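Asks: In case you want the letters, here they are:
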Amino acid sequence: MSELNIIRELKKLNFNNLYDKDFLLTWEKSIDELKAIMLIAEFLKAEHKNGKSLRVFESGIGISIFRDNSTRTRFSYISALNMLGLSVADMDEVKSQVAHGETERETANMLSFLAEVIGIRDDMYLGEGDKYQRNFSAAVRQGFNEGVLHQCPSIINLQSDIDHPTQAMADLMKLKDYFGSLENLRGKKLAMTWAYSPSYGKPLSVPQGIIGLMSRFGMDVTLAYPEGYDLLPDVIQLAKNNAKQNGGAFNVVNNMDEAFRNADVVYPKSWAPFKVMERRTTLLKAKDKAGLDQLEKECLANNAKFKNWECNANNMALTKNAAALYMHCLPADISGVSCNAGEVSAEVFEKYRRDTYHEASFKPFIIAAMIFCARFANPAAVIENIMKCNKDRKCS
Amino acid sequence: MSELNIIRELKKLNFNNLYDKDFLLTWEKSIDELKAIMLIAEFLKAEHKNGKSLRVFESGIGISIFRDNSTRTRFSYISALNMLGLSVADMDEVKSQVAHGETERETANMLSFLAEVIGIRDDMYLGEGDKYQRNFSAAVRQGFNEGVLHQCPSIINLQSDIDHPTQAMADLMKLKDYFGSLENLRGKKLAMTWAYSPSYGKPLSVPQGIIGLMSRFGMDVTLAYPEGYDLLPDVIQLAKNNAKQNGGAFNVVNNMDEAFRNADVVYPKSWAPFKVMERRTTLLKAKDKAGLDQLEKECLANNAKFKNWECNANNMALTKNAAALYMHCLPADISGVSCNAGEVSAEVFEKYRRDTYHEASFKPFIIAAMIFCARFANPAAVIENIMKCNKDRKCS
Amino acid sequence: MSELNIIRELKKLNFNNLYDKDFLLTWEKSIDELKAIMLIAEFLKAEHKNGKSLRVFESGIGISIFRDNSTRTRFSYISALNMLGLSVADMDEVKSQVAHGETERETANMLSFLAEVIGIRDDMYLGEGDKYQRNFSAAVRQGFNEGVLHQCPSIINLQSDIDHPTQAMADLMKLKDYFGSLENLRGKKLAMTWAYSPSYGKPLSVPQGIIGLMSRFGMDVTLAYPEGYDLLPDVIQLAKNNAKQNGGAFNVVNNMDEAFRNADVVYPKSWAPFKVMERRTTLLKAKDKAGLDQLEKECLANNAKFKNWECNANNMALTKNAAALYMHCLPADISGVSCNAGEVSAEVFEKYRRDTYHEASFKPFIIAAMIFCARFANPAAVIENIMKCNKDRKCS
Numbered sequence: 000m001s002e003l004n005i006i007r008e009l010k011k012l013n014f015n016n017l018y019d020k021d022f023l024l025t026w027e028k029s030i031d032e033l034k035a036i037m038l039i040a041e042f043l044k045a046e047h048k049n050g051k052s053l054r055v056f057e058s059g060i061g062i063s064i065f066r067d068n069s070t071r072t073r074f075s076y077i078s079a080l081n082m083l084g085l086s087v088a089d090m091d092e093v094k095s096q097v098a099h100g101e102t103e104r105e106t107a108n109m110l111s112f113l114a115e116v117i118g119i120r121d122d123m124y125l126g127e128g129d130k131y132q133r134n135f136s137a138a139v140r141q142g143f144n145e146g147v148l149h150q151c152p153s154i155i156n157l158q159s160d161i162d163h164p165t166q167a168m169a170d171l172m173k174l175k176d177y178f179g180s181l182e183n184l185r186g187k188k189l190a191m192t193w194a195y196s197p198s199y200g201k202p203l204s205v206p207q208g209i210i211g212l213m214s215r216f217g218m219d220v221t222l223a224y225p226e227g228y229d230l231l232p233d234v235i236q237l238a239k240n241n242a243k244q245n246g247g248a249f250n251v252v253n254n255m256d257e258a259f260r261n262a263d264v265v266y267p268k269s270w271a272p273f274k275v276m277e278r279r280t281t282l283l284k285a286k287d288k289a290g291l292d293q294l295e296k297e298c299l300a301n302n303a304k305f306k307n308w309e310c311n312a313n314n315m316a317l318t319k320n321a322a323a324l325y326m327h328c329l330p331a332d333i334s335g336v337s338c339n340a341g342e343v344s345a346e347v348f349e350k351y352r353r354d355t356y357h358e359a360s361f362k363p364f365i366i367a368a369m370i371f372c373a374r375f376a377n378p379a380a381v382i383e384n385i386m387k388c389n390k391d392r393k394c395s
Numbered sequence: 000m001s002e003l004n005i006i007r008e009l010k011k012l013n014f015n016n017l018y019d020k021d022f023l024l025t026w027e028k029s030i031d032e033l034k035a036i037m038l039i040a041e042f043l044k045a046e047h048k049n050g051k052s053l054r055v056f057e058s059g060i061g062i063s064i065f066r067d068n069s070t071r072t073r074f075s076y077i078s079a080l081n082m083l084g085l086s087v088a089d090m091d092e093v094k095s096q097v098a099h100g101e102t103e104r105e106t107a108n109m110l111s112f113l114a115e116v117i118g119i120r121d122d123m124y125l126g127e128g129d130k131y132q133r134n135f136s137a138a139v140r141q142g143f144n145e146g147v148l149h150q151c152p153s154i155i156n157l158q159s160d161i162d163h164p165t166q167a168m169a170d171l172m173k174l175k176d177y178f179g180s181l182e183n184l185r186g187k188k189l190a191m192t193w194a195y196s197p198s199y200g201k202p203l204s205v206p207q208g209i210i211g212l213m214s215r216f217g218m219d220v221t222l223a224y225p226e227g228y229d230l231l232p233d234v235i236q237l238a239k240n241n242a243k244q245n246g247g248a249f250n251v252v253n254n255m256d257e258a259f260r261n262a263d264v265v266y267p268k269s270w271a272p273f274k275v276m277e278r279r280t281t282l283l284k285a286k287d288k289a290g291l292d293q294l295e296k297e298c299l300a301n302n303a304k305f306k307n308w309e310c311n312a313n314n315m316a317l318t319k320n321a322a323a324l325y326m327h328c329l330p331a332d333i334s335g336v337s338c339n340a341g342e343v344s345a346e347v348f349e350k351y352r353r354d355t356y357h358e359a360s361f362k363p364f365i366i367a368a369m370i371f372c373a374r375f376a377n378p379a380a381v382i383e384n385i386m387k388c389n390k391d392r393k394c395s
Numbered sequence: 000m001s002e003l004n005i006i007r008e009l010k011k012l013n014f015n016n017l018y019d020k021d022f023l024l025t026w027e028k029s030i031d032e033l034k035a036i037m038l039i040a041e042f043l044k045a046e047h048k049n050g051k052s053l054r055v056f057e058s059g060i061g062i063s064i065f066r067d068n069s070t071r072t073r074f075s076y077i078s079a080l081n082m083l084g085l086s087v088a089d090m091d092e093v094k095s096q097v098a099h100g101e102t103e104r105e106t107a108n109m110l111s112f113l114a115e116v117i118g119i120r121d122d123m124y125l126g127e128g129d130k131y132q133r134n135f136s137a138a139v140r141q142g143f144n145e146g147v148l149h150q151c152p153s154i155i156n157l158q159s160d161i162d163h164p165t166q167a168m169a170d171l172m173k174l175k176d177y178f179g180s181l182e183n184l185r186g187k188k189l190a191m192t193w194a195y196s197p198s199y200g201k202p203l204s205v206p207q208g209i210i211g212l213m214s215r216f217g218m219d220v221t222l223a224y225p226e227g228y229d230l231l232p233d234v235i236q237l238a239k240n241n242a243k244q245n246g247g248a249f250n251v252v253n254n255m256d257e258a259f260r261n262a263d264v265v266y267p268k269s270w271a272p273f274k275v276m277e278r279r280t281t282l283l284k285a286k287d288k289a290g291l292d293q294l295e296k297e298c299l300a301n302n303a304k305f306k307n308w309e310c311n312a313n314n315m316a317l318t319k320n321a322a323a324l325y326m327h328c329l330p331a332d333i334s335g336v337s338c339n340a341g342e343v344s345a346e347v348f349e350k351y352r353r354d355t356y357h358e359a360s361f362k363p364f365i366i367a368a369m370i371f372c373a374r375f376a377n378p379a380a381v382i383e384n385i386m387k388c389n390k391d392r393k394c395s
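Protein chains in written order, with numbering that gives the first Met the number 0: chain P, 0 to 395; chain X, 0 to 395; chain U, 0 to 395.
Treat the hints as calculated values from the structure; they're not laboratory data. Please read these numbers as outputs of a predicted model, since none were measured by experiment. There's no promise every hint is true.
Any copy, or any two copies together, can satisfy a pair, since identical chains are not distinguished.
Unchecked claim - Below, computed lysine-lysine pairings styled on DSS-like, alpha-carbon distance capped at 25 Å:
1. Lys393 with Lys34
2. Lys393 with Lys51
3. Lys34 with Lys175
4. Lys393 with Lys20
5. Lys387 with Lys51
One chain only, chain P, in its complex shape:
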């Protein structure tokens, strides 16, 4: 879309309510709001490609809190901050400690005197990640209301136990780009399927994020997993309701081939069963090392029963014209490459390698667009200003 068209489209949307807010779950945002963020991300990506400066902050800090290791998301966040003129400040001390109540509220405020935005990844414990983000948000909101903070920073969910909105939104942009428009997604079948991985305890937030988001754009979403690998019941219910309300479909099956059959898009990805994650959280809180080791052993043994849940030439042949788009949040467990047996065969991955990289390339811009909408009361005016200034990123 041309940049003038982007602005024209933007002006049709009602997204004022993104201003001065957090971005925690896609399903807390309206369709207009999600569309606006994608349009702005498109604008930022196009301008970046053209070598233009997108610096809209003279100074300001983006705090980075990663309570789980991350390379890709961390760099996407750093890139988004840098693009807009913000500096990253890592709060790595919280990685392993679980703070509560006053300690948490106090820390949140002490970090935030100059903060514009706070990116948080906390996806390890069911029932904890989203809660931590909301507590953090409430703490700084209170600090602002009490006159301690000059401005209330916005929280960006960089992966919680419930949703991974920066990933899901980047994935949606890839789909929009691949099929030409959001409208073209209507009726397209997306198979979000479990896949085998030799590792253990992968978060549920990616599949939950995908079914929670794509079901709002009229897609025919099929979720597939081996018996026992359930997701959070609330999110399943949400996907069902979304499908009803938006003219799509949502089905759950326990068979990979069935999900792949006639699919336009496949997203095979490992995760841990919801009930295992619950037990794990309980054991972790009890610091029951032996119990955790036992649980891991059980799980890996159970995973191993489903080694045939691999995306490969055979099941790709079942998809629409044997040519579904393969998606992954990366890194994928590639059979014979990054592990002996994994989520996807080397052949399929290599065929779609460029697509998966391209999918990931939307993430820095989606994050930047979320920040943009949270921090500027009138994003369209700021965009027009960027175009008018037309400043190169490099001196010439």
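Position chains X and U relative to chain P; hints supplied.
Replies: Relative to chain P, chains X and U alone:
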């Protein structure tokens, strides 16, 4: 104070000598110099609140050397650098190693080719922290004089074994704000008292910094601690002299209630006895692990005798109109919240929570003002220039 | 050289081929290209000394990958980035892990969406460091060609198993400065000699970088080491060819005094024998802990036979007028200062201390100049633009 008044006041003060210098101890600076730093911090805080850009550096590095863990001070320092346009560079390698002589001099210079400022926290070992900062300063001064460095960076003490000037100055700003003016502090009683904490080995720099600074502004400072919990004798002598010269008072008592009686301000805070810190330093140098464990055991046992040194509704009732201002450098050990029994009751802390957060909110601006005065020959002119440019921090 | 002269000289050189390229080995660059980088580094250093802003990027990221510990080079790199307006992003996760194939390619691309430059230090394993850098480069080049990346970042070798070009180029700038011009280096004798150190396993890249570079500027290079402490045979052959083609000389001797005799410059520096490094790499790959310990023991015992390879007043007396320039990449092992017996006597080191610091001071500017040439199609025009803008680094 209005911003024009700030500039008018600033022009009455003689503070040229802050330029191209370090900030290590408040008592090495004149009253005028301290006042100027506070005025500039006020200006920066007001402009930040108004959304203005305070970027006065196009580029430049602020080195961060934390030889002890820190979250609050580290973020205040990062925030100060960001506000002014400097980038932080962490020198974390020195955390655990004690380097000497040529190695130290060489490292100091190798880091500093682009440095404007170097923030150092080194508060763990009596007789070491301040020395390390002075050695670092001498090293870069020599490097500059020998033509190795293009400019001589300024050292900012972010907490040493002797003083914690960025904390004490932020506290003084809080007092100035709370009582309306520095003049209003004359005759006000401040109780800097020891308080019980279940932890061990807290630095002496906060109480030392408070008595060393507040005694210069005509306050009636009472230091209280259980027998044996002495501070550095030199700082006690200094506080006495300050009081004499500035028309205030300085008393030491061994009774918390006595200190609280009729106080306008109370600052209950745990610290380790000076002699314990000395023994600890000796044991650490000798790498005597058993000795250190034994010392910790002894100390905690000794601390436990003074659990009644808690700030609570009972002793707060003894203060002026039962309404003294409660201060703390945070995080406080709050009884029943962050520990079983601690420095302050939950009730008192909650009543003054907003005040303690507000107290902390001055710190990024005090640090920025210290940097400002150390790096600009004519800070008033730069401030006037900031006001003239009147640039927003966010693009519009 | 005056800044106008620098521009005039620059315009005589053919260095277009540096644009959009990596800088991995000095011997992959033409003499004109090396001269251009030094001229630009001189310009940047002079402007920095004059307090001028060298900010040529509005935004952009410089990734920092250190697979071996580093303080000096890391800060030089950070300083170079800051000077030009780029922000550093540390990729520390790769420190200990050796990734291969798809994983490596994928990571390289995932980090690089906003990257202008990627500085890599990987000097621990013979046959690995340079390879890692080339793989990284190929990965991002492919990503760019496939439309995943908007721009292809340039790799800067911050020390590999083969070369340490930012060090060697900084050293060459020191020599140019010390002797007045590159022309004056013709015929000057440089003794690159092994020296005793109590530590083990130091990389070969500094001596290799020095003989590979200085032999191209007509110097009379003598390499000296105890029998068995060979460097990579390819680099030895390269130095021989360089000497032949550029009217200099290159000799290898096994005697420190012989190397020092009549030398204009001495560079005494410890390294591990090439064959030991090969065995070490093999043992590391096999995770043979016992073998590694045995190798270290053997090596230290062997090193100890050559304690007399120390640079001191006695052998300095053999040099040209007993006044050769002493060089070192720092930190040096100084006998009686940083170790009992080491590479250089305290007396000699102190005499040349300021020179070694000054030598190091070129490094941030050499790195910045490498980035400058890799990222700007017309560096001379950008330099003219910097001069025209004549912007101060600090607001006034």
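Asks: The structure should be examined with respect to each hint, and the outcome stated for every one.
Replies: Status of the hints after comparison with the structure:
For the identical chains of this complex, Lys393 and Lys34 are inter-copy neighbours only, at 24 Å across copies versus 30 Å inside a copy, given an alpha-carbon limit of 25 Å. Within a single copy, Lys393 and Lys51 get their C-alpha atoms as close as 8 Å, and across copies as close as 18 Å, so both meet the 25 Å cut-off. In this assembly of identical chains, Lys34 and Lys175 lie within 25 Å of each other by CA distance solely inside one copy; the values are 11 Å within and 49 Å between copies. With identical chains, the CA atoms of Lys393 and Lys20 are at most 25 Å apart between copies only, with a shortest distance of 17 Å across copies and 32 Å within one.
In the homo-oligomer, the alpha carbons of Lys387 and Lys51 lie at most 25 Å apart both inside one protomer (11 Å) and across protomers (22 Å), since each shortest distance falls under that limit.
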